[in-house]
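> For reference, the chains in residue letters:
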Amino acid sequence: MKRFSCGEVVELTPAYLDDGLDEPVRLLLEEHLVCCRECGRDLDQFRTVIGALGALPPEPPEGLREDVRDRLMSAFRGRKGH
Amino acid sequence: MVAFAGGTLPPDDVVVAALRAGDEAMFATLLDAWSRGMLRLARSYVSTGESAQEVVQDAWLAVIEGIDGFEGRSSVKTWVHRILINTAKKRSAREERAVPWSSVFERGEGAATGLPGAADGAEPPPAFWKRFSAVRPTPEDEALASEVREQIAEALAGLPVRQRVVITLRDVEGCTSEEVCEILDISTANQRVLLHRARSWVRERMKAYLETVGRPD
Ligand SMILES: [Zn+2]
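Protein chains in written order, with this note's numbering: chain F, 671 to 752; chain P, 24 to 240.
Hints are not guaranteed to be accurate.
[Unchecked claim] Coverage of chain P stretches by chain F, computed from C-beta distances (three or more under 8 Å per stretch; other residues unrestricted):
{"hint": "1", "segment": "40–54"}
{"hint": "2", "segment": "193–204"}
{"hint": "3", "segment": "224–234"}
[To be verified] Chain F is nowhere near these chain P residues, computed Cβ spacing over 10 Å in every case:
{"hint": "4", "residue": "S97"}
{"hint": "5", "residue": "T101"}
{"hint": "6", "residue": "I106"}
{"hint": "7", "residue": "K112"}
{"hint": "8", "residue": "R114"}
{"hint": "9", "residue": "E118"}
{"hint": "10", "residue": "E119"}
{"hint": "11", "residue": "L207"}
By construction, these hints were calculated from the structure, which means they are not laboratory data. Glycine residues also receive a C-beta, built at the ideal position from the N, C-alpha and C atoms.
Bound conformation, chain F alone:
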C-alpha cells in the first residue's frame, strides 16, 4: 500500500484541515501522522491555532450600539406595508 511522504502530507494539509480529502486519502494521511512526529506536531499546532481563534472574545465586547439597535428596530417596524 502507498505511504505518504512528509512533503505530500504538507501539501495535503490545507485540504485535510478543511475536511476536503476523500476517505482513503485521509486515512493514508492519518496513518502517516501516527508515525511521523514532525507532521503530527505541525497538525497539532494548526489545531491549537484554530481552537484559539474560535475562543476569541467578541470585538467590540459591547456589540451593536444601543442607539443603532433602536434605530434598526424602528426601521423594521416602519417598513412599507406594515
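For chain F, the structure is supplied; the task is to place chain P with the ligand on it using the hints.
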C-alpha cells in the same frame, strides 16, 4: 458566536416568513445573533469602530429593504453577510478616497517578513486594526490567556484583508467553507489557499506559545 453557528435559529423559511410578516422578535433575534460577528468583519474593512457600527447598520437597513425580494438562493445568513461585506467594501473605498492612502495603511508589513502571501497582498493591513489587540478580558474567556489573545490579534492585524476576512469567517465566527465561498464569492480552492496562508501566518506568529503547549519531545 454560538448563535452565529445557527444552532438556535429556526429554519430559513420560518425566519423569512416571520420577517415578511413584521415579526419584531425574529428580527431582534437575528440582530442579536449576528451583529457582533458582523461588526468584527466590518472592522476588517473600515477604519474605526464607529464606521463599523454604521456599516452594520446600513447592512441591516438593506436587509429590511430587501427581505420581500429575497429569493432563497442562498441561506439567510449567507445573504445577510454578503450584504454586510458589500456594504463594508463600499464604505472602505469611500474612506480610501477621503484619506491619504499612506496614513491609513501600513505598507508592506507582510511582504517585508515574507510570510502572509505577498502574492495576493494587494490590500495592505490597515494600521487601525492594531487597536484590535486592546481586547478587554471578560470572565467567560479566561480560558484563553490574554497574552495569547493579543498575539492572535496582532497576527490577524498583519494579514492582507482577504486572508483576514476568510480566517475570521471560518475560524473566529465558525462559518463553513461553503458559506465563506458564497459570502465572498470565491472558489473552494481559493478559499482554502487564503485560509491556509492565514492560518500558517498566525501559527508562525504564535510559535513560541505553541512550542510550550506542544507534545513533549
Ligand atoms: Zn511526516
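> None of the hints should be skipped; say for each whether it holds.
Verification of the supplied hints:
no., hint, in the structure
1, 40–54, "holds (count 5)"
2, 193–204, "holds (count 4)"
3, 224–234, "holds (count 4)"
4, S97, "20 Å, holds"
5, T101, "18 Å, holds"
6, I106, "13 Å, holds"
7, K112, "20 Å, holds"
8, R114, "15 Å, holds"
9, E118, "19 Å, holds"
10, E119, "23 Å, holds"
11, L207, "15 Å, holds"
Hint violations for this structure: none, all hints satisfied.
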